[in-house]
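Q: Can you make the complete structure from the sequences, with help from the hints?
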Amino acid sequence: MSTLPPASPASQLNRVCAWLLLGLSVLTTLWSVGQLGAALAMDHYGAQQWLASHGLMASGLLGWVVAHASALSALQLLSCLPCIAIAVGMLRGNNWARLGFIALLLLTAVLNLATLPLLDRLLMDLLTPMLAQISNSGDASELITELRDARIMLWVSSGLPLLALSAIHVWLARRFDRADIRALFSR
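Quick note: the sequence shown, position 161, residue 161 per our numbering, numbers continuous.
A portion of the hints provided could be inaccurate.
Unchecked claim - DEER-style ranges, computed between Cβ atoms:
id, residue 1, residue 2, range
1, ILE84, ASP180, 24 to 34 Å
2, GLU146, ILE84, 41 to 51 Å
3, ILE144, TRP19, 25 to 35 Å
4, TRP171, THR145, 32 to 42 Å
5, SER11, LEU147, 29 to 39 Å
6, LEU119, ASP43, 17 to 27 Å
Note that these hints are calculated values from the structure, not bench results. Only a predicted model underlies this, so the values are computations on that prediction, with no experimental measurement involved. Glycine residues also receive a C-beta, built at the ideal position from the N, C-alpha and C atoms.
A: Given below as structure tokens:
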């Protein structure tokens, strides 16, 4: 039998959030290392020039992402380090980690909402060249209508979950600012 008192709900929430953040940050770090290696290999072997020579290089936002894949991968890798530090700090009861976690939650809520217009822009960058090629055919108006409907479905099917996820992040940030959670962090 254990003689330890049961952990409070606030303590349990803190531990669950800290361990989830740590686990996801470590997994993202591993993914980022592999992604950075792949991006550097693509740069080294001239993959962008090969794609461009075959007329496969994307333009617009997608082209920019492909052109800056190494830098974006390195930025993703570097963004994992503060998350790991925050998670460890939360497990140790450091108040700066609680404040960092709140800031991280609010930043993530905003970035979740920003992804939808970016996804729409990427979709349009992919579809615009195809639409230009088939605009002379008779099926163009039907395809344009179908693409418009698919775009609306993207906004609805992605927008509602992203709004819900952002609301959860904001709620959790507010929860970590309550007195019972603040009492766990003394340092």
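Q: For each hint, tell me whether it holds in the structure or not.
A: Structure-based check of each hint:
1. ILE84 to ASP180: 24 to 34 Å: Holds: the Cβ-Cβ distance is about 26 Å, inside 24 to 34 Å.
2. GLU146 to ILE84: 41 to 51 Å: holds, 45 Å
3. ILE144 to TRP19: 25 to 35 Å: Violated - the Cβ-Cβ distance for ILE144 and TRP19, about 48 Å, lies outside 25 to 35 Å.
4. TRP171 to THR145: 32 to 42 Å: holds, 39 Å
5. SER11 to LEU147: 29 to 39 Å: violated, 51 Å
6. LEU119 to ASP43: 17 to 27 Å: holds, 25 Å
Of the hints listed earlier, those the structure fails to meet are numbers 3 and 5, in rising order.
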